[in-house]
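Undergrad: Read in order, the letters of the sequence shown correspond to residues 1 to 629 in full-length UniProt numbering.
Take these hints with a grain of salt, some might be off.
[Stated by the list, open to error] Mimicking DMTMM-like on lysine to aspartate or glutamate, the simulated pairs with C-alpha atoms at most 25 Å apart in a straight line are: (1) K361 to E253; (2) K406 to D242; (3) K206 to D187; (4) K330 to E56; (5) K208 to E234; (6) K39 to D62; (7) K157 to D35; (8) K206 to E268; (9) K403 to D187; (10) K587 to E347; (11) K157 to E515.
Rather than coming from a laboratory, the hints here were simulated on the basis of the structure. What you are looking at is a predicted structure, and each value in this text was computed from that prediction instead of being measured.
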Amino acid sequence: GLLKLPVPALQQTLDMYLRCMRHLVSEEQFRRTKDITEKFGAPGGLGELLQEKLLERKETKDNWVYDYWLEDMYLNNRLALPVNSSPVMVFPNQNFRAQSDTLRFAAHLISGVLEYKYLLDGHALPVDYARGQLAGTPLCMEQYYRLFTSYRLPGSKTDTLVAQESSVMPEPEHVIVACKNQFFVLDVVINFRRLSEKDLYTQLQKIKRMADSEEEQLPPIGLLTSDGRTEWAEARSILVKDSTNRDSLDMIERSVCVVCLDESCGIEPSATNRAMMMLHGGGADRSGGNRWYDKPLQFVVGADGCCGVVCEHSPFEGIVLVQCTEYVLKYMRNSPSKLVRADSVSELPAPRRLRWKCSPKIQELLTASADKLQRQINKQYLLVRNLDMNVHKFNSYGKDFIKKQKMSPDAYIQVALQFAFYKCHRRPVPTYESASIRRFHQGRVDNIRSSTAEALVFVKSMTDKNSSVTDAEKMEKLWHAIRAQTHYTILAITGMAIDNHLLGLREIAKELNLEKPEIFTDETYIISNQFILSTSQVPTTVEMFCCYGPVVPNGYGVCYNPQSDHIIFSVSSFHDSPGTSSDMFVKAIVACLREMQDLCRISNTQVKPHTSTESMEDVSQTVKNGGKT
């Protein structure tokens with residue numbers, strides 16, 4: 001009984017587009033854009049025709065933007081998945097003393113994953129409801145049912161998100177275990193009986209022994225999945241010509257998930273280093289080949305305690321990944337490891353190693369993939385070495401302090417990010433913050449454009465050394481910025497933001513074989529989609545954090561996790577971009593959050609907010625999230 005995603009009024013979107021971009025381009029460029037946009041939206045013009053077609057599409061589709069959005073956001077993207085697309089959740093560092101500890105943890109984790117999967121299979125997962133603003137609305141649950149049943153198939157021009165029709169996996173159920181770049185089939189149901197944790201542990205021990213037998217080492221086929229999507233599609237088309245390879249690919253594609261047993265990576269287990277190991281596996285000479293990036297869920301268990309989840313993002317948003325992962329971690333915490341029970345099937349069949357037939361052509365492609373993942377030293381920007389990551393726990397305050405100011409924590413943090421970026425770079429830039437539209441059938445996300453004119457006025461008042469603006473006036477400007485951010489958030493979660501609508505109009509024109517409308521070839525539109533700041537709130541109730549890479553070469557990826565008395569920031573950028581530095585940006589975020597706190601404390605008695613507590617502080621609860629994540 002969920003509502004269909006609405007199509008906003010054409011004029012509303014065009015007006016908002018101009019308002020969003022006015023302060024982000026030159027005056028001359030803006031004048032040109034205003035003329036183009038007015039012509040597009042004129043009565044009887046092209047915009048009205050495309051809007052009409054979009055309204056027709058809304059009637060015939062469950063969700064008019066879903067396919068367009070999925071292709072534009074993910075499937076058409078040709079970049080490699082690690083760092084560029086796949087977000088990760090990083091678990092607390094585990095203290096494994098011996099290999100047996102690692103395998104026990106992995107067996108316990110697989111048990112938790114299977115518990116969650118059986119909840120899904122029995123449709124026993126309670127429905128999520130929106131909280132805060134517009135509370136009580138049931139949210140679309142479809143994304144959960146893609147966690148274990150989806151697969152991203154590479155294609156030469158566009159990928160395909162393959163979904164098994166049934167939400168129950170076909171028997172026999174199995175997990176793929178990656179160990180030393182080899183892949184093994186771990187059946188989790190044998191003779192109609194689900195394996196106990198003790199059985200899983202026994203089977204993992206066998207897999208470890210098989211992987212260690214050197215004479216049987218096979219080439220690291222998993223590396224191919226870390227290549228650009230077109231290159232991987234080409235390699236896969238060569239692989240599938242052989243029936244052995246076809247069978248191996250089929251087993252991976254139909255598995256519940258992948259569990260990666262990684263070797264020790266030999267680096268200091270700081271939060272930043274663990275985040276980088278999750279994002280790219282450390283490259284081809286570490287665990288970069290011990291992955292299968294097309295699977296939605298890869299649970300990584302490192303011998304040195306570096307653990308987490310790598311997520312292929314196209315089937316679901318970050319909040320769904322968080323809910324699943326939190327369930328698994330709580331299961332592990334609350335149900336002690338059951339390895340004491342002696343109910344093992346006496347003779348479990350040995351897990352099966354997946355075989356690969358490698359032609360000289362495939363060997364060549366593997367070498368190229370390894371080189372790409374680890375790019376040769378003489379090219380400065382190796383995927384692995386190029387990632388500039390900084391995970392920072394801001395301890396001065398958290399969302400409790402912000403709520404005491406009667407402000408939305410999410411809006412406040414977004415304004416702080418605008419402030420920090422301006423402090424570093426002295427200009428505002430197009431910013432992406434994912435907003436969930438799950439209150440609609442098949443809803444995924446739209447974009448909150450956080451780089452508002454109001455935020456710019458506030459940050460200028462805070463950064464202009466010669467300004468005569470009083471603290472009371474600065475506080476008033478902060479309130480205007482928070483209000484503008486909150487207003488846009490509400491528009492986005494109710495399906496009234498501009499990004500999906502403009503995308504729909506653009507794609508409808510393409511379907512009608514029309515020449516690309518000028519509004520979409522205009523420099524301003526191109527700039528509007530270069531998200532130099534790509535941000536997402538991913539709150540957790542278990543100790544872990546999320547991170548991802550930037551979406552443009554000269555940008556930042558910023559994921560934040562607000563807790564009552566602290567905020568975790570994961571900031572990424574690329575070393576080969578001369579203008580960016582994650583370290584510099586993190587320092588600026590910290591400084592700006594402190595300046596904003598000082599301003600609130602000074603101004604508390606002087607300025608009374610114009611908006612009710614409820615509408616401000618609770619709206620952040622409704623923005624769930626995802627993403628990029």
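Undergrad: Run every hint past the structure and note whether it holds.
TA: Each hint, compared with the structure:
The hinted pair formed by K361 and E253 meets the criterion: a straight-line CA distance of about 23 Å does not exceed 25 Å. Proximity of K406 to D242 is assessed by CA-CA distance (about 63 Å); at most 25 Å being required, the pair is judged violated. Between K206 and D187, the direct Cα distance comes to roughly 13 Å. Compliance with the 25 Å bound is thereby established for this hinted pair. With a CA separation close to 46 Å, the supplied pair K330 and E56 exceeds the 25 Å bound.
Of the pairs offered as hints, the one joining K208 and E234 is violated, with about 31 Å between alpha carbons and a cut-off of 25 Å exceeded. Distance restraint check for K39 and D62: the Cα-Cα separation of roughly 31 Å exceeds the 25 Å cut-off, and the hinted pair is therefore not satisfied. With a C-alpha separation of about 34 Å, the suggested pairing of K157 with D35 is violated against the 25 Å cut-off. Pair hint K206 plus E268 does not hold up; C-alpha atoms about 30 Å apart against a cutoff of 25 Å.
Distance restraint check for K403 and D187: the Cα-Cα separation of roughly 49 Å exceeds the 25 Å cut-off, and the hinted pair is therefore not satisfied. With a C-alpha separation of about 58 Å, the suggested pair K587 and E347 falls outside the 25 Å cut-off, and the hint is violated. Between K157 and E515, the direct Cα distance comes to roughly 21 Å. Compliance with the 25 Å bound is thereby established for this hinted pair.
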